[in-house]
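Asker: Next come the chains, spelled out residue by residue.
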Amino acid sequence: MILALAWRNLWRNKFRTLITIMGIIIGIWAANTAMSISYGLNEPRIENAIQFGTGDIQVHSNNFRQSFSLKDSIPEIQSVFSEIRTMEGVGNLEVRTRSIGLISTLTNGVGTELVGIQDMNANVLEIPKLITDGEWLSEKDKNPIILGQSLAERLKVKVGTKVVVHFQGPDEQLIAGAFKIKGIYTSPFPGQEISQVFLLSRDLESIHSNGSIGRQEIIIRNEGTDQNLIQNIQNAFPNLTVTGWKEAAPEMGYTAMALEQGMFGFIILMVLALGFGLANSGLMALLERKNELSMLRNMGMDRIQRMRMILTEQMLIILFALPVGLLLSWLTISILGITGLDFTAAALGFKAFGMPSYVYPRLAPRVYGILSIFVILISLASSLFIGFWTTRKAFMPQKGIHG
Amino acid sequence: MLQIAWRNIWRNPSRTLFAILALSGAITFAILLRATQKGQHDSLVKGLTSGFTGAARIQKKGYWEEPGLEHSISETILPPSYHYFKKASPRLESYALVNNGEQSIPGLIIGLKPDSDPLVEAYAKKLKIPPGGLVLAEGLSSALNANIGDTLIILGQGYHATQAAGKYPVTDILKVSAPILNRQLVLLDLGSAQELFATGKMVSGWILSEDDHLEASGLPEELEVINWRTMIPWLEQALFADSIASLVVQVMLYLVIAFGLFGTIMMMTAERKREFQTMLSFGCMRKKIISMICMETLIISLIALAIGILVGGAISLYGHEHPLKYIGETARGLENMGLPSVIPLATDPWIWIRQSFAVLLISLGLSVYPIWYVLRLKPIESR
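As given, the protein sequences belong to chains A and B, one line each in that order. Read in order, the letters of the first sequence are residues 1 to 403 in my numbering. Read in order, the letters of the second sequence are residues 1 to 383 in my numbering.
The set of hints was computed from the structure by calculation and includes no laboratory data. Hints may contain errors.
[As the list claims (entries may be wrong)] Listed below are several chain B residues computed to face chain A (Cβ distance under 8 Å; list not exhaustive):
1. Phe29
2. Leu44
3. Glu66
4. Glu236
5. Ile244
6. Gly263
7. Leu361
Idealized CB from N, CA, C, for every residue including glycine.
Just chain A, with the same shape it has in the complex (with noise of 0.2 Å):
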């Protein structure tokens, strides 16, 4: 019986309920589509930072991030090394030296990490693709090392030239090797060509001439960074360090985690001020049908009745606007992230910050879920809100109807 007399009173003012959808459809569009463009925006920031940077997955033993010294090697490696490539999800991975040293030329020094490849033809974090002068790292060359753009800049050197890297040895002793620049490498992850500079594994092993100088890292790549397998190789392996790219890049990490959670703040922001429009126009609405209200109570019809009409009015509205809403978000996202949102023509410089002007939108069906969900919570807090206000007795009119 309320259920006819809610979808009548829907028909019978077409463009009152038709202004409602769309507001409601309006709000899940817009949610679901800005986020989409921050994720589009901010995610390939976040994979350069991964791919050429940090890895998904980094190993260590437990001392290694504090010291960054070579004595805090990961022992037993291989079998280490191992067992991590059977675990189920792990990708590619690779063995690596890390240290810290000073990159120095005959006027001036630098302090900087070094990263020791023991395969060249692992390249798990694919700095090879980002050679922009010169080669890779070669097992045919003596003392080869390839050093950032940045830090060739500063220590004006170039391909070819000769530097003298300091660093410590697994004993503490201070050691210094001559090696020869091989290539450049330029990388979209701000920062990087200053703090590393790649060499062989091999040849910090025989500067130090005086046994093995262990490898202290493994580093692993896997389909977006999954905090189960942080923990179970974490639970394999309970004296080393196992941490994902945000612990690793730290700063940036949180600094990305806190601009996220803005993110979300802000579109709440906005889902709420739709909420309030749409309470706004909704209680104008019922102005115009407070005669109506008035008369239904006085045929008989209690408070509670009534606000059970209004709000099965709100579902309907709302059941009809969610799947809408959602094929529109769909669309656009999918649409806008093939064909990509140009903001070339915005002229926001993109280019000088390093970054392209063409944005991917995208969006975890997750996110659709909760940001959806969030525009339907807040549209029935509206209505509810409508339906309460309206059926006070405060609201009606003495008389039915005016004569």
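Chain A is fixed; fit chain B onto it per the hints.
Answerer: Chain B alone, transformed into the frame defined by chain A:
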């Protein structure tokens, strides 16, 4: 006409109230969105620059790209007449080896003035950096196995390739958020550093804790001002991407607001169909009805503007004192690194003005609808 408009507004107070509510609510939401966005960026920048870089620095031209003792500059070159003279704190920076008697580790040695440097200010605990003493970053101290009271040796190259060597007791230990700096940072008193590196009264530059409207005018020819955007490129990139995304959200908010206002305006106009038709039938010119509607819109807008700015501004001020908190892993991670885990809302009055005018513009644009409605209204149908 003004009189009729005024009376119309109060003839149906609840309708007017809803219109004012819609518009002032929209203004409030627009202000809050922008204040939160700006507040978040400001607090992240402040947290991330207080460690090493400072928000801005004054230096010899090209120093950041090519640092080194050879590019230091006389301490007295910064004119006291320069607007930011008082806020600028001098530093001398260079790399050297830090030795505990058994092993040497490369360190970034920073000579600074403990009473004015933003790095010291950033830590609630006042760092103890007496002349002749040194402060180690936590990571470096554990790598060197050094505690407060131990004596360390700094060895390196001084000014003009002189030998730099000195012995210093550890007077304090400092936790630094950036992992690389946490393994490298060594703080000395400026005077001690100048003595160590034999630079005399020379410095690498001056650090400032804010970069607002910082200008190079008033500086000698050889100096320049750079800010955190140059020094922390990933942060600039991250904030840039975030502001574009924020811009998108803001446009979407305007869209949602426009829709809400449009709904309100449409319903108000529809309700008044009879009234307008009656006026037309009595021979009132459409021009006059339109100017009446415009006046009503203007009055409602002005009231809503005042309320919107008042409410939005009040919430911003409150949110500045009682900031929003991050939740979950994000909050824990930020706290662990000594970064702020809250968002104090920005209280820049320009935000209030810009946002309220943006919303007002939308509402004025939408008031084309009632005008168009009156223009095509036929008086005959009215009865």
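Asker: So, for every hint listed, does it hold in this structure?
Answerer: We went through each hint and held it up to the structure:
1. Phe29: Because about 4 Å separates Phe29(B) from the closest Cβ in chain A, which is inside the 8 Å limit, the hint holds.
2. Leu44: With a minimum Cβ separation of about 6 Å from chain A (threshold 8 Å), the hint on Leu44(B) holds.
3. Glu66: The hint holds - Glu66(B) has a Cβ within 8 Å of chain A, the shortest such distance being about 6 Å.
4. Glu236: This interface hint holds because 6 Å falls under the 8 Å limit.
5. Ile244: Hint holds; Ile244(B) Cβ to chain A Cβ min 6 Å, cut 8 Å.
6. Gly263: Given a least distance of 4 Å, the restraint on Gly263(B) holds.
7. Leu361: violated, 17 Å
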